[in-house]
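Undergrad: Input sequences plus hints: build the corresponding full structure.
Residue numbers (UniProt numbering): 1 to 624.
Since the hints were derived computationally from the structure, they do not count as laboratory data. For clarity, every value in this text was computed on a predicted model and none was experimentally measured. There's no promise every hint is true.
[What the hints assert, rightly or not] Taking lysine to any residue and the SDA-like style, the derived pairs with C-alpha atoms no more than 20 Å apart in a straight line are:
| id | residue 1 | residue 2 |
| --- | --- | --- |
| 1 | Lys175 | Glu289 |
| 2 | Lys422 | Ser405 |
| 3 | Lys579 | Thr568 |
| 4 | Lys392 | Leu378 |
| 5 | Lys214 | Arg202 |
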Amino acid sequence: MEEKKLDTSSIIGIVLIGILMVIMFYTQSQDEEKAVTETKTEQVEKANKEVVTDANKEAKEETINFADSTEVAKYQQSLGAFAYSATLPSASNDFTELSNDKLYLKISNKGGQIVEARLKEFSTYDSVPVYLIKDGNASFGIDFTTADNRTLNTKELYFEPTTSSNGNAQVVSMKLKTSNNTYLEYRYELKPDDYLVDFTVRSQGLNGAFNTSKPVTLDWSLNGIRHAKSASYENRYTRLTYNHEDGKISKLSQSGDDEEVEENIKWLSFRQHFFSSILVSDTPFKTGELTSKNLIGKDVKDVDVEFLKAYAAELPLELSGGELNYNMHMYYGPTDYKVLNDYKDLGIVDSMPTGWGIFGVINRWIIIPLFNFLMSFLPAGFAIIALTILVKLVLSPVQYKQFVSQAKMKVLRPEMNEINEKYENEPMKKQQETMALYRKAGVNPMSGCLPAVLQMPVFYALFTFFPTAFVLRQKSFLWADDLSSYDAIVKLPFDIPFYGSHVSLFPILASVAIFIYMQMTSAQSMQQQQQPGMPNMKFILYLSPVMMLIFFNNYASGLSLYYFVSNTITIFIMLAIKKFIIDEDKIHAKIQENKKKPKKEGKFQQRLKQMMEQAEAQQKGKKK
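TA: Set out below in structure tokens:
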């Protein structure tokens, strides 16, 4: 289990933002699937027609048939009290449909479970409808033991369907009968224009049918269907997330296999990056065994990937008076903060990754509302540019202080070099003299670091926001056909480790901008004599753009666009400040005036000076 905290990827992101304003991330690109031969509109229409055709075919499937009466008797005997369900006309593989403008569901008589869930408004990267459940990738059933010790699972038994309405809502009732008036019921209710299905599990007259000494368990499993052109990138954001222990949000492993036994589970989400299948219970499950298995091998190519992760949950149900009665909800829809937030009473918005701690707060209360507002009247690419400009304006006072601090340090550089040369073999003395210079000049070397630290939460929040922003999915800008995925301009005939088999342009532009920015900010540092134990600034200068180029080649192009625009704006701001705002001669004159003024040392400075002098004395004593 991974609770809602900084994971390995987050730690890598924060460290590199602080150093380079760029986050490193691991990935290995994989080949794209074959080019689409039909247009998006034609394929969607074709797929929708096939759905209707398939539905008509499946409706004609056969009922249960046995060779003779002996086999019928054996089958009914194996079911005990539930043999009654096998004698009804509904004991077939027929299905019942639930549908509105957003969601299509197909519910099978066998198991009474949803065997197909299709989102009507969306298509995959290869222009076919988005399915969350299809062709047996999911299973939903209740495992129980009968009073005469027969172990059964509802997914293998036949339910009797009835349809009705509740106001504007469509209702499907699936009943697993032991007699005409005793049954286990699954009740599905779908409202218009909604992704949420109200789901009830209840029994009537079965208080003597269950073996109350044995557990009654809800088994739910699902293999996440691949929807994006980069399976490895999509898989990175495909995770089992759940709410347990009175509001704690936890996740199973992002990259490997994982399993946990948890308590007091309110909801669990089988998340697939941009789409989710979520089960919510009004009565929290007291315990639950949750499992997530990674289905993508390291050497598997994108073209071979059909499923991302295999999810499973075993959730014990409690009997009340020998009967079952659970009110639940099923969500089949986009992992979109705006949509999920409409179900505030269920709390499923927390299933979407918005970042840990302060990063999540910034995203939820500032970035997401602001970007949704910009997207309401701007195309996606221009909305990213507008967001970048607004972020720069908000951070401009902090960045101005940083630039002024850099200018002051540059003015002091000649005197610092003199100190370095004079006390080359006396590091402690050199440190004392350097601090004395800072104190006399009224310069705080940490004032340049503080603005960078203050900007980190915003940069990391944006790093978390762009890859999970549903509003960017399949939105184009310039040469990028999907800002939520990579923007390949060239497909390579071979695969480069860590880089991939394609060339994305936005990461190249962002790398060039970062190189120029770092060259401008690091020029002074590289002029300084390299100190022992200090990082090689020239090495970092070249490493940063290379890392950006490699690791962002497979990342969301919207994020690379943001970094490119952000660093380009920063470069022009620095040039403008240097040319029109900051006067280094005035700064130098002010520093010289500060040096003439008597400086009274504070208690902390006196204490620090004493410690340094003691350390120097001890060092000299050791040399003797």
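Undergrad: For each hint, tell me whether it holds in the structure or not.
TA: Outcome of the hint check:
1. Lys175 <-> Glu289: The given pair, whose Cα atoms are some 27 Å apart, is violated under the 20 Å limit.
2. Lys422 <-> Ser405: 25 Å, violated
3. Lys579 <-> Thr568: 17 Å, holds
4. Lys392 <-> Leu378: 19 Å, holds
5. Lys214 <-> Arg202: This hinted pair holds, its Cα atoms lying about 18 Å apart.
Going down the numbered hints, you'll see the structure goes against 1 and 2, while the others check out.
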